[in-house]
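Read off the chains here:
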Amino acid sequence: VTLSLRRLRQLDDRYHFLREAAPDLDERCRFTFSAKDNICAAGMEATAGSRILSGYRPPFDATAVRRLREAGGALVGKTNMDEFGFGTFCTNSGFGVPLNPYDTERSCGGSSGGAGAAACLIPDHVAVGVSTGGSIACPASFCGVFGFTPTYGRVSRYGLIDYGNSLDKIGVLSRSCAQTEEAFLAIAGKDERDPTSQAQPPLPAGGRPVRSVAVPVEALQGLSAEVAGAFDGGLARLMGMGADVTEVSMPSLKYAMPAYYVLATTEASTNLARYCGMRWGAREEDVNQGFNDFFSAPRSKEFGAEAKRRVLLGTYCRMVGFRDKYYMKALAVRKMIIAQYEEVFARHDVIATPTMPFVAPRFDDVRAMTPLQNYSADFLTIPPNLAGLPHLSMPCAYAPLPVGLQMTAPHWDEMTLLAFGKEWENGFDFRWPEVEA
Amino acid sequence: MKIGLEMHFQLPTRSKLFCSCPTSSSEPNTAVCETCLGFPGSRPFLNRQAMEMGLVIAKYFRCRIPERTWFSRKTYFYPDLPKNFQITQYEAPIGSDGEYMLDDRRVSIWRVHIEEDPGRIKRVGRSGEEVSLVDYDRSGVPLVEIVTGPDLASPEEARRMVDELLLELRHLVGIQAQDEQVVRCDCNISMGEERVEIKNVQGLRNMERALKAEAQRQEKLLAAGKAVVRETRRYDEERKITMPSREKEAEDDYGYIGEPDLGEFHAAAIAARLCVKETPLLRAQRISRQTGLDVVKARQIVVTSWSLSALFERLCAEIGPEKAAQWTMGPLSSQWAALEGTEDDIVAVLRLDADGTITDAEARRRIAALAGQEVQDADEGEERHELDVLVSRFLDSHPEVVRDYRANPRSANAVIGHVMKEGKGRFHSKEVAEAVRKGIEGRL
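For the record, the sequence lines run as chains A and B.
Under the numbering used here, the first residue of the first sequence is numbered 1, with each subsequent residue one higher.
Under the numbering used here, the first residue of the second sequence is numbered 1, with each subsequent residue one higher.
Certain hints may be false.
Said to hold, decoys possible - Straight-line alpha carbon distances no greater than 25 Å define the calculated DSS-like cross-link-like pairs of lysine-lysine that follow:
(1) K329/A x K74/B
(2) K323/B x K430/B
(3) K335/A x K74/B
As the list claims (entries may be wrong) - Listed next, the stretches of chain B that the computed footprint assigns to chain A, with coverage defined by at least 3 CB atoms under 8 Å from CB atoms of chain A:
(4) 29 to 42
(5) 71 to 79
Keep in mind that the hints were calculated from the coordinates and are not lab data.
We treat Cβ as the ideally placed atom computed from N, Cα and C, and that holds for glycine.
Taking the hints into account, I'd like the entire structure generated from these sequences.
Structure (structure tokens):
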């Protein structure tokens with residue numbers, strides 16, 4: 001292990017990707033890893049990027065953290081993120097904004113932005129991230145690293161501070177796909193502390209060969225010129241590796257985004273209910289008031305604007321009179337989209353799209369976006385996330401900023417993606433950003 | 001009057017519904033963990049035993065049990081609720097469309113579901129300076145909620161139903177019924193068109209009182225030509241009246257969504273593996289069916305004691321249902337506390353009685369002895385005297401019997417028949433025959 005805590009602090013001073021560094025680093029460890037700030041590690045602050053959780057130090061390790069420690073990993077710190085995972089550019093954290101290692105005036109992507117930067121900046125590092133609607137793939141794309149999101153239910157969520165429980169998936173970002181695979185194998189598997197991890201079939205020993213790649217035409221609309229060009233180059237390389245590329249139509253994907261935002265915000269609005277200053281969240285001084293007022297004060301003060309927006313949206317979607325129209329309908333749409341994926345997977349091994357429609361944006365461009373433009377930026381990462389499908393974002397070109405190619409496989413077929421990713425990185429011309437010593 | 005109840009009983013599991021904390025504790029806030037305190041990052045996992053108990057109860061009510069069941073989040077803000085949502089069941093309760101027979105009245109059971117209890121708030125301190133303390137030991141304790149249709153006709157009937165259910169559920173799943181406070185009820189009552197819900201009434205007695213108070217209130221309103229407003233009220237135990245609840249109507253919107261962390265359960269398949277133990281009521285119904293004994297009497301026997309009803313079934317086989325019922329509901333039930341454990345001896349005594357080896361009076365005396373009581377001979381003497389009186393009264397009015405006796409001793413049969421009838425089975429035929437012989441021979 002080449003990383004020292006001194007080096008880590010130097011990097012963080014420049015790129016602000018950490019929330020908290022570990023107090024010490026065991027140099028005999030096999031590898032270093034970081035955890036997104038919504039993943040609990042015993043004794044370290046876990047705020048999920050929210051000021052309302054300032055000072056929360058859980059007394060337990062998340063299962064993923066425990067398993068990586070058992071595999072010989074040393075936790076070096078907690079990485080910054082959009083508050084509770086609510087964002088695409090990591091500009092919604094209550095604790096500053098991580099800077100893109102390729103260009104510090106640009107975003108790392110979100111919501112696992114700190115993890116994207118850590119994976120890019122630290123060689124041989126495993127950055128554990130979490131994806132609800134694309135929060136691993138997006139920063140992987142913007143930071144030029146591999147970003148792997150397993151099937152929903154493959155990795156225990158015990159110890160994860162919830163955003164949308166039916167969508168949240170713990171995964172891995174890293175410079176290397178081989179290391180990504182190793183870390184994934186360590187954290188995957190059933191866990192009695194997370195019932196949703198118990199339905200999974202065992203991992204197969206290896207992946208299937210990727211012979212037939214489907215490209216949904218719907219994914220090719222609204223791409224920036226750099227991304228469109230880079231993606232074409234990526235497909236050419238795919239074909240060079242012996243795969244057939246076929247355009248397919250997946251018309252129901254257009255409903256993925258509204259369905260996702262309904263489900264994610266609905267679940268989030270219940271998850272965030274506990275942060276009211278009673279047991280969780282900064283406590284009001286004045287206890288001689290009605291509990292509604294007592295609860296409202298810290299929520300008003302400590303939640304960021306995006307968190308408030310999503311709590312309001314989500315609460316609205318589950319109110320009597322709107323519930324059937326939004327929440328129940330979104331559940332049905334999710335099933336419909338899964339069915340559409342299954343149709344495509346009956347004839348093709350994987351689906352390929354660009355990961356993001358543009359390269360890492362400048363912060364001033366991010367500030368100029370409306371919430372709807374902001375949400376729309378996720379239109380390529382949301383569908384596999386809504387369907388709970390495993391997907392891998394791989395660096396595919398530099399324009400000159402990194403562009404990601406996203407590959408999606410059927411449920412539980414992680415090994416096909418990882419086997420392909422290892423083939424892909426073999427001979428790929430990585431360009432790591434120059435970082436001052 | 002229409003009354004419907006939403007009853008909550010604690011399921012007697014050792015650990016909580018979604019974590020492994022114990023369900024009882026001696027000090028406040030000691031039976032808690034990250035899950036039942038709602039620590040960010042913690043997660044629930046289901047206590048299978050609670051699910052099974054709930055399913056047994058659903059089966060008992062002959063509910064429809066769904067193939068798949070799941071949990072829901074009921075979101076509301078309250079200081080005793082660590083997550084500010086309660087994990088309960090909404091669209092897919094473990095049981096629906098069941099029924100309960102309260103004597104011959106059918107009470108429909110709309111639904112049976114399981115859910116977690118919130119914590120407990122305690123007000124402490126002097127009046128005017130009170131503070132609220134929260135004890136989270138109760139947070140996550142498993143409850144079963146049973147919802148009836150509006151099929152109960154009076155507060156007394158409602159109370160009787162809950163009272164019976166306590167006994168039934170104690171036998172069925174071991175619910176602790178000693179403390180009548182164990183039940184918490186939301187009571188719906190309507191004297192006319194609109195119904196009023198009295199929320200969160202603790203205990204059987206309070207439930208009946210609350211319903212009576214509310215019935216009176218509604219009656220007065222209706223008598224005065226005023227309308228009953230549909231609303232939620234609460235029962236003030238001190239003042240013994242119902243009052244409008246402080247919570248606003250809008251708070252009834254709990255924004256239910258599915259609980260994504262627990263997954264789905266194959267309720268019907270789990271239920272198929274579970275058997276419903278015989279409860280007092282079910283036993284009474286079976287006894288009534290098998291012996292022809294009136295179901296109300298059968299229930300009396302079963303409710304007196306579980307072991308008495310077992311003895312009754314043995315006696316039915318030995319001496320027939322009619323006699324078994326006479327003995328069981330008479331001398332056996334009145335002394336059962338002392339007799340319990342001597343079943344074999346009782347059966348032996350009553351077998352002798354049935355085949356005529358001993359008299360009823362003798363059998364009674366022996367049973368009393370089993371109960372550890374000496375019976376005064378006076379009792380027996382009195383009976384014998386009564387028998388003699390009956391015989392001589394008959395002989396006085398029928399001198400022809402004595403006259404015919406020398407030629408035809410069978411003329412005595414008329415006397416025996418009459419006395420047996422008069423004695424209504426109190427005297428044994430051998431006793432009567434002996435008394436008649438003596439009576440006639442004394443007049444010859």
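Structure-based check of each hint:
For the given pair, K329/A sits about 19 Å from K74/B by alpha-carbon distance, which is consistent with the 25 Å threshold. Note on K323/B and K430/B: the hinted pairing holds, with a Cα-Cα distance of about 18 Å set against a maximum of 25 Å. Between K335/A and K74/B the CA atoms are separated by roughly 24 Å; this keeps the pair inside 25 Å, and the hint holds. Remark: the region 29 to 42 of chain B is confirmed as covered by chain A, as 7 of its residues place a Cβ nearer than 8 Å to a Cβ of that chain, reaching the required three.
Beta-carbon proximity to chain A at under 8 Å applies to 5 residues in the region 71 to 79 of chain B; the threshold of 3 is reached and the given coverage holds.
Of the numbered hints listed earlier, not one is contradicted by the structure.
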